[in-house]
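**Student:** Line by line, the protein sequences are chains A and B.
Okay, so the first sequence: first residue is 19 according to this note's numbering, each after it adds one.
Okay, so the second sequence: first residue is 19 according to this note's numbering, each after it adds one.
Incorrect hints may appear among the rest.
Intra- or inter-copy, both count: the list cannot distinguish identical chains.
[Unchecked claim] Under the rule of at most 20 Å between Cα atoms (straight-line distance), these lysine-lysine pairs were calculated in the PhoX-like manner:
hint	residue 1	residue 2
1	271	478
2	250	307
3	515	250
4	433	510
5	492	307
6	93	303
FYI, nobody ran anything at the bench for these hints, they're computed from the structure.
There are 2 protein chains.
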Amino acid sequence: MTTWRRVNDEEQWQGIKQAVALGLASLFVGAAWMVSSRETSCEAKVDDDEDKFTPEERKALPAPGQVNNLKLYTKAEVAQHISREAGGIWVTYKDGVYDITEFIESHPGGASKILLAAGKAIDPYWNIFQQHFRTGFPLQLLESMRVGSLAPGEYVEEKQADPYAVDPIRDERLILHNSAPCNAEIPEHYIMESYLTPNELWFVRHHNPVPIIDPNNYTLTIKGKLQEKFPKHEVDVTIQCSGNRRSHFDGVKKAQGIPWNMGGVSTARFGGARLKDVLEYCGVKDPEKNGIHHVQFISQDEMLASIPIEKAFSYSGDVLLAYEMNGEEIPTDHGYPVRAVVPGYVGVRNVKWVKEVFVSEQEAEGPWQRGVAYKGFASNITDLQHLPTHVIERAAPVQEPPVTSLIVHPANNAKVHSQTLEVRREDVRVRVTGEQLKGWAYSGGGRGIVRVEVSIDGGKSWHTAELKEGSEQKLTRAWAWTFWSANVEVPKELQGKSSEIMCRATDASYNSQPEHASSIWNVRGLCNTAWHRKTVHFD
Amino acid sequence: MTTWRRVNDEEQWQGIKQAVALGLASLFVGAAWMVSSRETSCEAKVDDDEDKFTPEERKALPAPGQVNNLKLYTKAEVAQHISREAGGIWVTYKDGVYDITEFIESHPGGASKILLAAGKAIDPYWNIFQQHFRTGFPLQLLESMRVGSLAPGEYVEEKQADPYAVDPIRDERLILHNSAPCNAEIPEHYIMESYLTPNELWFVRHHNPVPIIDPNNYTLTIKGKLQEKFPKHEVDVTIQCSGNRRSHFDGVKKAQGIPWNMGGVSTARFGGARLKDVLEYCGVKDPEKNGIHHVQFISQDEMLASIPIEKAFSYSGDVLLAYEMNGEEIPTDHGYPVRAVVPGYVGVRNVKWVKEVFVSEQEAEGPWQRGVAYKGFASNITDLQHLPTHVIERAAPVQEPPVTSLIVHPANNAKVHSQTLEVRREDVRVRVTGEQLKGWAYSGGGRGIVRVEVSIDGGKSWHTAELKEGSEQKLTRAWAWTFWSANVEVPKELQGKSSEIMCRATDASYNSQPEHASSIWNVRGLCNTAWHRKTVHFD
Chain A
19 MTTWRRVNDE EQWQGIKQAV ALGLASLFVG AAWMVSSRET SCEAKVDDDE DKFTPEERKA
79 LPAPGQVNNL KLYTKAEVAQ HISREAGGIW VTYKDGVYDI TEFIESHPGG ASKILLAAGK
139 AIDPYWNIFQ QHFRTGFPLQ LLESMRVGSL APGEYVEEKQ ADPYAVDPIR DERLILHNSA
199 PCNAEIPEHY IMESYLTPNE LWFVRHHNPV PIIDPNNYTL TIKGKLQEKF PKHEVDVTIQ
259 CSGNRRSHFD GVKKAQGIPW NMGGVSTARF GGARLKDVLE YCGVKDPEKN GIHHVQFISQ
319 DEMLASIPIE KAFSYSGDVL LAYEMNGEEI PTDHGYPVRA VVPGYVGVRN VKWVKEVFVS
379 EQEAEGPWQR GVAYKGFASN ITDLQHLPTH VIERAAPVQE PPVTSLIVHP ANNAKVHSQT
439 LEVRREDVRV RVTGEQLKGW AYSGGGRGIV RVEVSIDGGK SWHTAELKEG SEQKLTRAWA
499 WTFWSANVEV PKELQGKSSE IMCRATDASY NSQPEHASSI WNVRGLCNTA WHRKTVHFD
Chain B
19 MTTWRRVNDE EQWQGIKQAV ALGLASLFVG AAWMVSSRET SCEAKVDDDE DKFTPEERKA
79 LPAPGQVNNL KLYTKAEVAQ HISREAGGIW VTYKDGVYDI TEFIESHPGG ASKILLAAGK
139 AIDPYWNIFQ QHFRTGFPLQ LLESMRVGSL APGEYVEEKQ ADPYAVDPIR DERLILHNSA
199 PCNAEIPEHY IMESYLTPNE LWFVRHHNPV PIIDPNNYTL TIKGKLQEKF PKHEVDVTIQ
259 CSGNRRSHFD GVKKAQGIPW NMGGVSTARF GGARLKDVLE YCGVKDPEKN GIHHVQFISQ
319 DEMLASIPIE KAFSYSGDVL LAYEMNGEEI PTDHGYPVRA VVPGYVGVRN VKWVKEVFVS
379 EQEAEGPWQR GVAYKGFASN ITDLQHLPTH VIERAAPVQE PPVTSLIVHP ANNAKVHSQT
439 LEVRREDVRV RVTGEQLKGW AYSGGGRGIV RVEVSIDGGK SWHTAELKEG SEQKLTRAWA
499 WTFWSANVEV PKELQGKSSE IMCRATDASY NSQPEHASSI WNVRGLCNTA WHRKTVHFD
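Bound conformation, chain A alone (with noise of 0.2 Å):
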């Protein structure tokens, strides 16, 4: 049952690869079409569950076609189109006939994904890819390149199974921003109620239905070997989505994307074996001179992502293949059975469900990665559809997400107690729980936290916040949040009066938060990391 395998793949890519297979037997439930595809480029693709058209692009588009004139093809012949050279490469979607030819290298979840329908119905693919129905976009774009109907009798309709329906049953207390994908976000009021975010309030961001795992028919055997193996390793980490606070920059622009508000970062201590010891025990050495510079994972739902390999191969970089969070199995919804753990980076790069880990001369492909959904672009940058490849190319990746630091308490809006900086109890979005201004601060890469600041004049005085849990960590090791808090004297002029209360964190590093969102946005929204601000009404 063990199948801890080196496999040289010269083929697909160039130079040194060992490919450690977590080696599933192609166990993906319902989608078996996927395991083979890869993404190959980096083009202007955004993540898959994104509309990236702006209004005014949507109106340039071309018009549908008009259908009435259409001519009839029967599905034998549209199998025929499956290249440039056949003639052009064409799908159907219901009984429509649509050629996509000039549409793939455009197309949002990579060509090679789209290309897996050349010649067929698309219907199965958007129906596990429900982000298409986001918004009527994506139809009206298919609409725009249309050539022609199906004839009479050869499209029937099948009744698609919602590839959805066996998602987890979720905590009625998430903030849904999508159900299919799940998006949502851990309400504010939660985020600090313990140190280690509960697992069913854990932020949820995913791109495609939940696999279902059938552990007895899993190879990596995680009853088994893995445990067995290697030494459990422990490490509190805080994920984070990379665009948590995105909604934070509507004041300046709107920007692509979910808009999360503050919930999108959990904690919790997770379990498993060390990344660096199972690539040893695969035979990984002197990662240096052997030209690997990365490591990549595959998720069972085909997310690929990669770390490099200083991260991985360190002894202190506490990368775990992880198995256990908060002391239980890893949730469904967070990985189960196998989650990439990479503390201090963001959590695009977290990858559940983990298939396969290899090591490698390059970053993984596809847009997570290599394409636009997780690169920080310039502000002055507004159009993805035009950026030129080698400007993408050229763009990082987030990995390491910059020093941040939220108010979490009071809410904004919140009617605060001049006196004892109490909420009152009309505010029941929040707590009262005798303390005064808390939030929590982090930075990525480890670094600690050696300052949060806050101030509740509008920015006019700084107070230096009491740095609680989370603050015993090791500067260079510190992974999880660090819980602050603040107890500020409501000066006279300002009681009975609304006012910006604000905070600011520096890390070990002396990296500091900028000042206003203007000068960090980013077309992709990513690490919204100005100055938090609310405003609180002290009676």
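Once you have looked at the hints, place chain B on chain A.
**Tutor:** Here is chain B on its own, set in the frame of chain A:
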């Protein structure tokens, strides 16, 4: 001649400390009394070449004693006053007798150093630590502790040798802040003349006279073992004083310390043995299991600093015991015969004239690591004298500096041709290169530069600069600066006017620079990385 020794040193330090004595047989020229001294706590000491009292604090000091009314003592009587129990700790300076008992813990250079003179004359020490003469304050302070005078005939003025007389002869182009000890920066217009700074133009930041070391009596055997035993490893490293740009804080409030402009930075290709190889050779292994958290360096002039073991013991940390600099032997001013080169760390951790290296449970003692000298406090802390010990202890020493970028060309107040952006010839300080705006960017911890943005209209609009030399570095191991240049069209409305030009950089962790120096001002004036601004006149 080889003396790679492991020494257990349990008495002085707690826990494990495998001393890798790069053993030098007390060759420290003219100051053998220093060899056994060690700092012992983290009191509010500033660096020993700083004048730490504000004018207000000075006024509050007691007036000098009435010399005429004081008692007379013999040297033998003074020699008995070496402890509190013996009636106090006394020293003499010229013919004055002083009771320093209460002052000892406040001595900026550390209690242990001043205690070396207990019962004796401090004259020879002050002759070496000439910082005591930079202002009249130390003498004024000393006078306030006067208890008497030496009896007639007891004091004979001795001609003291000038310990700085043998300091290297330095390039006249350096901008000298002090000469004893030497603190000199590279002039702005030479900073980017070459990617690697020529050795004679490297910035110099010393605490004491330059040790003169005879390689024939040096048990590190530079000409032998270090080079033979370990493979030579070469790394391009930018070293920057953590006080670089300190004077740019002046607009907010003057900070303590040498008023560096922007020339406290240089870059070289260093060659040497990897520290990891040396530590492994000396038997260091499994640092985590063995409770090893830091590697400490001691220099010939008793400067102490340490770095985390995660950095020192990582193959990708690239820490060197360097003996070459730009292909030459390391010059005396830069650490001959061996300098610890710690890529991605501030200058002070790159210890010169290394005498001893050892692993430790704790970080180094002394003012440079545990004292206030290299700690960045909150903006509202302006008085280091009354800072509680726990505040100092909890503050983090500057290790990796934050992301920064600077405009080197054109010079401040330059007249710039609006069409070509060339600087007019009458500005002789800047070479006309035909290039437009240019500068460099750098971040600590090897975090590569992913973007530099420039504005020529005071921040209203921003342009992405082109990244040049240095941009080919790995984003995870970018130890040297990245040069940049930008061609920005001067709009009609700016022509014939003065304008503020500025730059800001983003590193691979998406950290960015603070907009204003006010948000990061700190009393020690460290890590000023605010957007760099200059005024130019477009003709």
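**Student:** Run every hint past the structure and note whether it holds.
**Tutor:** Quick rundown of the hints versus the structure:
no. : hint      : in the structure
1   : 271 x 478 : between (26 Å within a copy, 16 Å between copies)
2   : 250 x 307 : between (29 Å within a copy, 15 Å between copies)
3   : 515 x 250 : neither (54 Å within a copy, 66 Å between copies)
4   : 433 x 510 : within (16 Å within a copy, 51 Å between copies)
5   : 492 x 307 : between (31 Å within a copy, 15 Å between copies)
6   : 93 x 303  : neither (53 Å within a copy, 67 Å between copies)
Of the numbered hints stated above, those contradicted by the structure are hints 3 and 6, listed in ascending order.
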